[in-house]
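S.K.: Below, each chain spelled out in residue letters.
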Amino acid sequence: MRTYDAMNPAAVAVQLLLTACITVFCMEPLLLGVSLCCAVGCFLMRSGAGHKGFHLFALGIPLLFALLNPLWNQHGTSVLFFINDRAITKEALFFGFVTGLRLAAVLYWFRIFSDLMTSEKLFYLLRFLSPKLALVFSMAVRNLTLFRQQMRKIQAAQKGLGLYREKHLIDDVRGGIRVFSVLITWALENGIVTAASMTARGYGTGRRTSCTNFRWKRQDAVLLLCTLLFAGVVIVCISRGSLDREFYPVSVPPEHGFCWYTAIAAYTLLALLPVLHEGKESLIWYRLRSGI
Amino acid sequence: MLVIRSERIRHILGTALPFAVMPALVLLLPVGVQAEYYALVSFLMVVLALLLFLSGFERKELGTRRMILVSVMTALSVIGRLLPLLKPITALTVLSALYLGKEAGFLVGAMSAVLSNFIMGQGPWTPFQMLAWGLIGLFAGIVSAPLRRSRILLYGYGLLSGAAYSMLLDVWTTVWTYKEFTLHEYAGVLVTALPYTVLYAVSNLLFLMIFTKPVGDKLTRIQKKYGL
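Top line first, the protein sequences correspond to chains A and B.
Numbers 1 to 292, taken from our numbering, label the letters of the first sequence in order.
Numbers 1 to 228, taken from our numbering, label the letters of the second sequence in order.
With the rest of the complex left out, here is chain A (with noise of 0.2 Å):
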């Protein structure tokens, strides 16, 4: 079984971040409706129950905004009541709760984005750019952990000559500045050293060949083609201007013709492409064991 985050990193990052890009950009509050309810089932399914914080506060985007939007925005024509003179009109209460909508989908796919693309996914795309870049890349986040682990050996240090006194403020943020001012110091020399084994070892010489876990298969095209396929069809529908809609003087929604559902239909696919996958692969499994 091949779950979502086994399949190539390539293929997952464009569908992740085209579902993304045009909830970023389209204020079609079914079309955002929809990537929020399919953003928190893929949230949901990879990442399971739990962080019930994190969806009290995306969840309750939406509301906020509806809620604090008509005590700035005076636009619109359909007045609910006054608040010190001010009107509050029905058409800003709606366009903040779409506002709201779109940045609580937004963060939910940016959330997958960043629970699916590990920082060894990131660095096998950035290969294709350029190999090079790759490897400071990796090293720098290598190093991240090497220097905490160094850091917390300096402190020990510190605190073994006295110098280093905890829960005083002053105290603590110039032994804080003493500890980096060392860790600087430890870190250049030491990446001096790995230079020059890097050298030693014959690195920089001639062409270098590279080896990687990410296979490209059938199923990556498959689901790379199912992405730019339902994306195209989206795009193409909103550059018509069939999902354009106007929030003030009044809110107007745009004409329910063919190409609006066409691209809602497409727009739902593509963001249903992470659960689709997972459950033809549970469905294959779980046939090819009631068999055996």
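What the hints contain is simulated information worked out from the structure, not anything from laboratory work.
Since we're looking at a predicted model, the values are computed, not measured.
Ideal Cβ placement from N, Cα and C applies to all residues, glycine included.
All the given hints hold, so there is nothing to weed out.
Now the in silico label distances, taken between C-beta atoms and shown as ranges:
1) Leu194(B) <-> Arg201(A): 47 to 55 Å
2) Leu194(B) <-> Ile170(A): 22 to 30 Å
3) Leu67(A) <-> Leu194(B): 19 to 27 Å
4) Leu80(A) <-> Leu44(B): 35 to 43 Å
5) Arg208(A) <-> Val198(B): 44 to 52 Å
6) Thr192(B) <-> Leu80(A): 23 to 31 Å
7) Ile119(B) <-> Met1(A): 26 to 34 Å
Fit chain B to the supplied structure of chain A, relying on the hints for placement.
M.R.: Same frame as chain A, but now just chain B:
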């Protein structure tokens, strides 16, 4: 893949992009592009500028040592966080640019943005942050001679770059919130973000004051000792 082979074209792009992309992004687009596509176009332009710049790196003869030092400075600027919200990314980016060159400055800035966003959360703003920090490093590298000579100019650059960073990201905030870019709305966002602008500028100044002497000395020493 996306490597520009001609030395001259790369050189022209490398110098023209920062000077052409930024003004175009801020000034020309609202005139030339329909309002509803402004967000999309500006996003794509930023990504394109980053791709072009980063792909040029493949052909640069940076040397193994300098390459490693770039990764070291990147990691340092991400973990060197004394208080939450305050990060020495700008200060260390500027210092790397002064001592290791303008490409190194761009890379340290851009990569620090990606890496620190692994902790703080990635989003559509990541490319803007990458470009903003990258450009701060690049410009510092271009004017490195006077900045290395005069401490006052360096502090001025720190203040200015903090403000510029905040203002560039406000372009994105405006586009993101209003789906279009007008000077009126931009001014509104600038005023709202004023506390952050001041915070960035002052923290840059503070970090430069703390770090310039020790980090500068250390980098000079490394350069002298190993002949970079």
